[in-house]
Structures are given as C-alpha cells and as structure tokens.
Amino acid sequence: MSAEVSVLFDAPGPKARRRHLVIAVVGSLGILALLYLVIRALAAKGQFTAAKWSPFLEPVTWTSYLLPGLRATLVAAFFSVILAIVCGILLGMGRLSEAAPVRWACGVFVEFFRAVPVLMMMLFAYYVFLFGVQISGEALPLLGVIAGLTFYNSCVIAELIRSGVGSLPKGQREAGLAIGLTPFVTLRLVLLPQAITIMLPSIVSQLVVILKDSALGFLILYPELVRSGQTLAALEGNLIPTFIVVAAIFILINYLLTRLAHYLERRLQTRGRGPRLPVTEPLMSPSMAPGGALAVPGQT
Amino acid sequence: MLGGLSDLLAEYNVFAAFWMTIKLTVAAAIGALLIGTIIAIMRVSPVAVFRSFGTAYVTLIRNTPLTLIVFFCAFGFYITLQYRIGAQNSPIDVQNFRWGVLGLAIYHAAFVAEALRSGINSVPQGQAEAARAIGLDFGATLSKVVLPQAFRGAIAPLGNVLIALIKNTTVVATIGVAEASYLMKGMIEFRPDLIYAIFAIMATGFVILTLPIGILFTTLSRRLAVKR
Numbered sequence: 001m002s003a004e005v006s007v008l009f010d011a012p013g014p015k016a017r018r019r020h021l022v023i024a025v026v027g028s029l030g031i032l033a034l035l036y037l038v039i040r041a042l043a044a045k046g047q048f049t050a051a052k053w054s055p056f057l058e059p060v061t062w063t064s065y066l067l068p069g070l071r072a073t074l075v076a077a078f079f080s081v082i083l084a085i086v087c088g089i090l091l092g093m094g095r096l097s098e099a100a101p102v103r104w105a106c107g108v109f110v111e112f113f114r115a116v117p118v119l120m121m122m123l124f125a126y127y128v129f130l131f132g133v134q135i136s137g138e139a140l141p142l143l144g145v146i147a148g149l150t151f152y153n154s155c156v157i158a159e160l161i162r163s164g165v166g167s168l169p170k171g172q173r174e175a176g177l178a179i180g181l182t183p184f185v186t187l188r189l190v191l192l193p194q195a196i197t198i199m200l201p202s203i204v205s206q207l208v209v210i211l212k213d214s215a216l217g218f219l220i221l222y223p224e225l226v227r228s229g230q231t232l233a234a235l236e237g238n239l240i241p242t243f244i245v246v247a248a249i250f251i252l253i254n255y256l257l258t259r260l261a262h263y264l265e266r267r268l269q270t271r272g273r274g275p276r277l278p279v280t281e282p283l284m285s286p287s288m289a290p291g292g293a294l295a296v297p298g299q300t
Numbered sequence: 001m002l003g004g005l006s007d008l009l010a011e012y013n014v015f016a017a018f019w020m021t022i023k024l025t026v027a028a029a030i031g032a033l034l035i036g037t038i039i040a041i042m043r044v045s046p047v048a049v050f051r052s053f054g055t056a057y058v059t060l061i062r063n064t065p066l067t068l069i070v071f072f073c074a075f076g077f078y079i080t081l082q083y084r085i086g087a088q089n090s091p092i093d094v095q096n097f098r099w100g101v102l103g104l105a106i107y108h109a110a111f112v113a114e115a116l117r118s119g120i121n122s123v124p125q126g127q128a129e130a131a132r133a134i135g136l137d138f139g140a141t142l143s144k145v146v147l148p149q150a151f152r153g154a155i156a157p158l159g160n161v162l163i164a165l166i167k168n169t170t171v172v173a174t175i176g177v178a179e180a181s182y183l184m185k186g187m188i189e190f191r192p193d194l195i196y197a198i199f200a201i202m203a204t205g206f207v208i209l210t211l212p213i214g215i216l217f218t219t220l221s222r223r224l225a226v227k228r
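Protein chains in written order, with the numbering used here: chain A, 1 to 300; chain B, 1 to 228.
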C-alpha cells in the first residue's frame, strides 16, 4: 500500500521534514484536543466514576450478561454462516447452470434478496415463524435472525462464487468438457473448488458482515451481545461504559477475522498456481456494480 | 384480501415511510461523503499521525455493528448525556432523526474512505509523478490531479456504499425513526394475515429505490471511467 501511495509526495527533504513535523505536532494536538473534549464531557457527566466501570471487574457481569450475549451472537453467526455458504454455493451453481430457467430463477432470487435490507428480512422471518409456523419461546428470535442473515448472505456468497468462476481461465472449463465431463460435473469438480479457493478471503470477510449484522437481532428481541449489554446497562445505569466494552469485543473479533482474510489472501497470492487473486479488478468491473457483492472485503 | 390490503394502505402511509428513508439516505450520504473524503485524504497524507488516525478510524468503525453506533448516538449522546443537535427545544423524533443520520454518516464514512482510497490506488503512478515533476506540492497534486481521477475511478464502489446506505437506513428503526421497516413492523402486527403482501410491498419499495441507483452508477462508472 505504502509503495503505491507514497508516490503522491516526494521523499521529504530537511525543510519538508521540518514542515511535516510542525503539521504532525499541530495535527496531533488537534486530535488530542478533540479526544480531551470528549473525555472531559464524559467525565463531567460522571461517566468515568468507579461505580460506572467497577461492574466489569465482577465475574457476574461477564457470566450473566456479556458472555451469554457473546455466545448468542456467535451461535446465530455460526449457523447463518454454514447455511449461507451451503445455500450460496447452490445458488451460485444455479446462476451458472446450463438450463436457462434455473439460471433466471436463481438470478431473480439473488438480485431481489440482495436489494432488501437484512433487518426487513429478519422482521419478516420472525413474524412468519410467529404467526405462520406458530413457533414460540426462545427459538423464535434465533430462527428469525438466522433466516434473515442466511437469505441475504447466501445471495452475496452466490455472487462471490459466480465471479470466482468467471475469473478462472477459460481453458479450465474447456479442458473439463474435452475429457468428456458434463457441464455440471465440470462445474462441480473443476471450476467450483478453484473458485471457492480464490474467493476464500472474501468469504472470510463476509463473516465480519454476518457477525455485525447479527446485532440487528436486537429489534426482534434476540438476546445477542448488544441487547444483553443493554440489559446490563439498564441494571447498572452505565450505558456508555457498557457500549464501549461491547464495541471493543466486536472490534477485537472482527479485527482478527479481517487479519485472517488478509493472511489467506497473501498465502493464496504467493502460492504461485492458478490465477492471481482478483481483489481489485472485479471491484471496478461494471457488471458487478449493482448491489456490489464484490465490494471491498468487509463491506457493509 | 384486496379489500383488507386497501384498508391497510389507507391506515398506514407507505409513501411517508419511504420518504423518510430517502431523507435519511440523502442526509447521511452527504455527511458520509464529507467525513469519508477527509479520512481518505488523511490516509494518504505525508504526515504519519494523520495516516494512523485515518487507519484507526476505518478499522474501529468498520468493525463495529451499525446498530451499536446508532445506539451510541441515540441512547448514549442524546438520552444519557443530553446532547442535542441543532435547536435545543426540537421534539424527540427530530432529535432521533438527526442522531440517526449522524450515526449512519459516521459508519458509512469509513466505507466511503475505503472506496476513495481504492480509487486513488487506481490512478496510475505516472499521474502523480507527472504532477510532482511540474512542481505541484502534495495539496495541488491531490486536489488537481489525483482526486478528480480517483472520484471517477471510485464511482462503482461509491455506488455500492450508497446502496448499502439505503438498506442500512432501516437500522434507525431500532431508535424509533418512522422509516420503512418500522412501518412494516407496525403493519404486520396490525394485520398478521396479510404478512406476505406487506413484505412484498415493502421489499419491492427497496428494489425500486436501489435498482435504478445500481444501474445509474454502473452507467456512470462506465462513462466517466478515465480512458487509459
């Protein structure tokens, strides 16, 4: 990154270095002043008193609220990921199918559900399970969250699979057909394994999206991390400290996942066989633009 | 069933809800573009402190759920800390709207910054080198040569951010802003028997909002792409 970016300015000489130092000092003072104002405002409202933060030193806060919340978040994300990958691969195969009706049906399905907000699908699934299937109790919100996340993310993964297959050299498919495999078997045995490998970093980045979106389960009363944090905050009267802790947990987990995606990306790039990873190229390709499944890894 | 549906549409104002979605989108998009451009410039600036601040902003914000950011604005800053945006005596739903817009803008600014950075990376090195060779400094290189091309190169990813923003405006339903998904919840609870029709109407509304924007940005990115 720095190699591409540093071309914007010369290697600084002594004068520029002095100027940069001045700007850096002024800039950091500005940022520090901003932070100081925020912290002072929080302190003035009594957000840094021991009473607000001491609950986090007590084990019961973690064992009764934050850890069960985290567990609920991870459970919902886990099932959604598994289902989304399975459905996404099936949908992706459908979009690449030889049979036109299958291709169109999967295309319409993917384009439609990619355009609908996840929260709306969660609400819809929740009420269908409630009124239609008449599920009740603890399973209801969990099923709603999983259904909403699965619908949306399987469409995103289907697009990832499709563009992964599209980025393979044409010879792969031709070779498969030439040795007498049917188009479907070629897809399944030759193209798909390579496409999934190429798209692995993007799929891992999608995990971050799923984990973040599971917080939408708040609205259908799923006791995930944000909701259990809110319950805790209502009890202890420390909303802001709790939200800071909850945010830190999310940031830590998602940061590690992003690192994993980068690591996979680098490994795949240096592995030296198959096509180079199309990380930036499909981003610009106009055919991908609507809805943009291929947007920056970790996209909203 | 059709009679029930027309009763429902008479009872609930679907257009007002989608108008709210559009207002949220426009306001948050302007905010996100402003903040995101500043962050993107910081990320490529020669001063290391600004670079790390930009990176920290993107890393922190991108890994936090939007729900949490919106709550932080509405429940944290507004309810708990009693901060108000704009007029002190404005009613609670106006305040919720403004804090919701701020939350959306803060969150999507991180993605705008990433889109712009990918646009800046798509500008060939020779452009910046040529700008420096004719004696432009960092500010002029960026504002006269690189950024105009970067914006054009970033149109496709920016379009994706805008579409994501339209869909993400539904998150402010959690703080009670009466936009499309908030209305849908009310409608379903009022007439559970019409649940499929209600979902079809509201989902189609979002398809109508996002599809033309997707097509528009695809066309724009193709037409405005810098010929190389």
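Hints in this document: simulated from the structure, not taken from any laboratory.
Just so it is clear, CB atoms sit at the ideal spot from N, CA and C, and this is done for glycine as well.
Some hints here could point you the wrong way.
[Said to hold, decoys possible] Here's a subset of chain B near chain A, in silico, CB distances under 8 Å, partners left out: (1) Val47; (2) Leu81; (3) Phe138; (4) Phe206.
[What the hints assert, rightly or not] Here are a few chain B residues that face chain A, going by a calculated C-beta distance under 7 Å: (5) Phe53; (6) Leu60; (7) Thr141; (8) Thr174.
- Query: Going by Cβ atoms only, is threonine 174/B closer than 7 Å to chain A?
  - Reply: 5 Å, holds
- Query: Measuring from the C-beta of valine 47/B to each C-beta in chain A, is the shortest one below 8 Å?
  - Reply: Holds, because the Cβ-Cβ distance from valine 47/B to chain A comes to roughly 5 Å (cut-off 8 Å).
- Item | Evaluation of the interface hint that places phenylalanine 138/B against chain A, nearest CB under 8 Å | Result: holds, 5 Å to nearest chain A Cβ.
- Task: Answer holds if the nearest beta-carbon of chain A is closer than 7 Å to that of leucine 60/B; otherwise answer violated.
- Result: 6 Å, holds
- Message: Just to be careful: measuring from the Cβ of threonine 141/B to every Cβ in chain A, is the smallest value less than 7 Å?
- Response: Holds: closest Cβ of chain A sits about 6 Å from threonine 141/B, inside 7 Å.
- Message: So, as I understand it, the hint says phenylalanine 206/B touches chain A; can you test that by seeing if any CB pair is closer than 8 Å?
- Response: Phenylalanine 206/B check passes; min Cβ-Cβ to chain A is 5 Å, inside 8 Å.
- Hint check: 8 Å Cβ-Cβ cutoff, leucine 81/B to chain A: 5 Å, holds
- Identify whether the interface hint at phenylalanine 53/B stands, where standing means a beta carbon of chain A within less than 7 Å of its own. Interface hint status for phenylalanine 53/B: holds (6 Å vs cutoff 7 Å).
When the structure is compared with the earlier hints, no violation turns up for any of them.
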